[in-house]
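A.B. asks: Sequence:
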Amino acid sequence: MAVSFPIPSYFTAIFIISRLMSIMGISKHLNNKLLPPLDNITDKLSLDPSAIESASQDFGHIVKSIPKAVLQPSSIADIASLINFSYNSSIPFTIAAKGHGHSVRGQAMANDGVVVDMTSMKKHRNGTGIWVSNDGVYADVGGEQLWIDVLNATLKHGVAPVSWTDYLYLTVGGTLSNGGISGQSFRYGPQISNVYEMDVITGKAEIVTCSPNKNSELFHAALGGLGQFGIITRARIPLEPAPKRVKWIRMLYNDFTAFTRDQELLISINGRHDSHALGYLEGSLLMDHGSPDNWRSSFFPPKHHPKITSSIINHRIIYCLEVVKHYDYQTQNTVDKELEQLLKGLSYMPGFMFEKDVLYAEFLNRVQRGELKARSQGLWDVPHPWLNLFIPKSQIQRFNDGVFKGIVLERNITTGPVLVYPMNRKKWDDRMSAVIPDEEIFYTVGFLHSSGFDDREAFDDQNKEILKFCEEAGIGVKQYLPHFTSKDEWVHHFGSKWETFQQRKFQFDPKMILSPGQRIFNNN
14 MAVSFPIPSY
24 FTAIFIISRL
34 MSIMGISKHL
44 NNKLLPPLDN
54 ITDKLSLDPS
64 AIESASQDFG
74 HIVKSIPKAV
84 LQPSSIADIA
94 SLINFSYNSS
104 IPFTIAAKGH
114 GHSVRGQAMA
124 NDGVVVDMTS
134 MKKHRNGTGI
144 WVSNDGVYAD
154 VGGEQLWIDV
164 LNATLKHGVA
174 PVSWTDYLYL
184 TVGGTLSNGG
194 ISGQSFRYGP
204 QISNVYEMDV
214 ITGKAEIVTC
224 SPNKNSELFH
234 AALGGLGQFG
244 IITRARIPLE
254 PAPKRVKWIR
264 MLYNDFTAFT
274 RDQELLISIN
284 GRHDSHALGY
294 LEGSLLMDHG
304 SPDNWRSSFF
314 PPKHHPKITS
324 SIINHRIIYC
334 LEVVKHYDYQ
344 TQNTVDKELE
354 QLLKGLSYMP
364 GFMFEKDVLY
374 AEFLNRVQRG
384 ELKARSQGLW
394 DVPHPWLNLF
404 IPKSQIQRFN
414 DGVFKGIVLE
424 RNITTGPVLV
434 YPMNRKKWDD
444 RMSAVIPDEE
454 IFYTVGFLHS
464 SGFDDREAFD
474 DQNKEILKFC
484 EEAGIGVKQY
494 LPHFTSKDEW
504 VHHFGSKWET
514 FQQRKFQFDP
524 KMILSPGQRI
534 FNNN
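For the sequence shown, the working numbering assigns the number 14 to the initial residue and increments by one for each residue that follows.
No lab work stands behind these hints: they were computed from the structure. Check the hints yourself; a few may be wrong.
What the hints assert, rightly or not - Below, computed lysine to aspartate or glutamate pairings styled on EDC-like, alpha-carbon distance capped at 16 angstroms:
1. Lys136 x Asp162
2. Lys135 x Asp153
3. Lys357 x Glu277
4. Lys257 x Asp370
5. Lys439 x Asp451
6. Lys316 x Glu353
7. Lys406 x Glu277
8. Lys136 x Glu210
9. Lys418 x Asp301
10. Lys510 x Asp451
11. Lys477 x Glu502
12. Lys135 x Glu66
13. Lys510 x Asp153
14. Lys81 x Glu66
15. Lys257 x Asp341
16. Lys440 x Glu423
17. Lys81 x Asp153
18. Lys169 x Glu253
19. Lys439 x Glu423
20. Lys418 x Asp442
21. Lys440 x Glu452
22. Lys257 x Glu375
23. Lys510 x Asp442
24. Lys406 x Glu452
25. Lys439 x Glu277
26. Lys481 x Glu502
27. Lys227 x Glu253
28. Lys369 x Glu353
Bear in mind that the values here come from a model prediction, so they are computed numbers and not experimental data.
From just these sequences and the hints, can you work out the full model?
C.D. replies: If you want it as structure tokens, here you go:
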């Protein structure tokens, strides 16, 4: 049946089809066959300057890549139609899915291609973007949904996912394409280890339902796959009963060896259903740059700021161990005793333990308060030259000496949060695309810099010096949210996984259409 348009829409449709084919250099015929029709999505392809501008930048404010058009889909079929059009074109154009745009080096951009604005899907879901099963065991979640919305929707049923990111205003498809880590990862694994099944649109425009037992190759490829194999449009996420409140504790150390020893001791109790285990553990650095709090959260009581600041000045670096113990009405009378047993014998500085008691949802959404404050001060939409690394346990002391003390302190420009906390390798699935060190315990280190537009290069130089030190010292570092500019660097990054990664690309996106901003197969 022919599609009918009102007169203005019809001419707009014809214009966009012609314009898209022209700017992509696409012939009207391919192998004597007409290209797939675009009539069903022409009114959703935008050439509007504001849409193009938004799709040209991300949270990093470092890279700018201008697409030819932006697709604002109302359905999964719209995305598949666009990919199908490209796949069957004589010269396929690249396509990138963009969620909340929290990448920092242009990973979700498509220079001279088409960006799919995944958030547009939310407007057309009619409340079906997050569906909790009747038994509360899982939630089916659209890839465009934000984790904060998943939290709020599942809590209404008394359940919630167990693995999170620190910042919840990220899309489900985005974090699952990378890994999704936070302080819960030592116990529950990253978010990619907490998926039952997914719907993925491949680079051949196939809409595939996959799981560990069905189309498993695509399932394992897409999780942590940096968007190279398909666009995640639905994920089935396991749920567990949600705690009501948390005991939230921070302890300060002036000795790095004691700090890491205590972290490793605490993450050794990591059974998924072990009621004695902590629910969250992270570590960070405090350095002499004003308040001991930072944009990620305000925690320390103001009356204790002077003594904390004095200790930072004396030692130059203080190491902060942050833990959380969940509880509800059934365990509220025993949680304090359990925490006392867990933390007994730790080597933090006497008098430097601080505690809060807050709602579970308030803890999980802790970073948003810092975001609102940064936005009000004009400090959010600025360059973010972040560097996120995985460091083998055997090298973390060397990293502290060479990087934290030898580079970061000496350069004295780091004002943003610096995270450092361990994870258990057994909580990750090596069949997935994500790359981690080989050792059973490894640390994540995150330099979450914010800079001005004029001084960003200083942070880039520091990042380069850190990576150079790691290479020369044989640290065996792996980048999380990696950024490379050559194929050789990517081959080195993936190591023994490269051949499998490349074969999967040929299988699921043979024309190299998807996610060009990663610059893995589109690195010109």
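A.B. asks: Hint by hint, which ones does this structure get wrong, listed from lowest number up?
C.D. replies: 6, 8, 12, 13, 16, 17, 19, 20, 27
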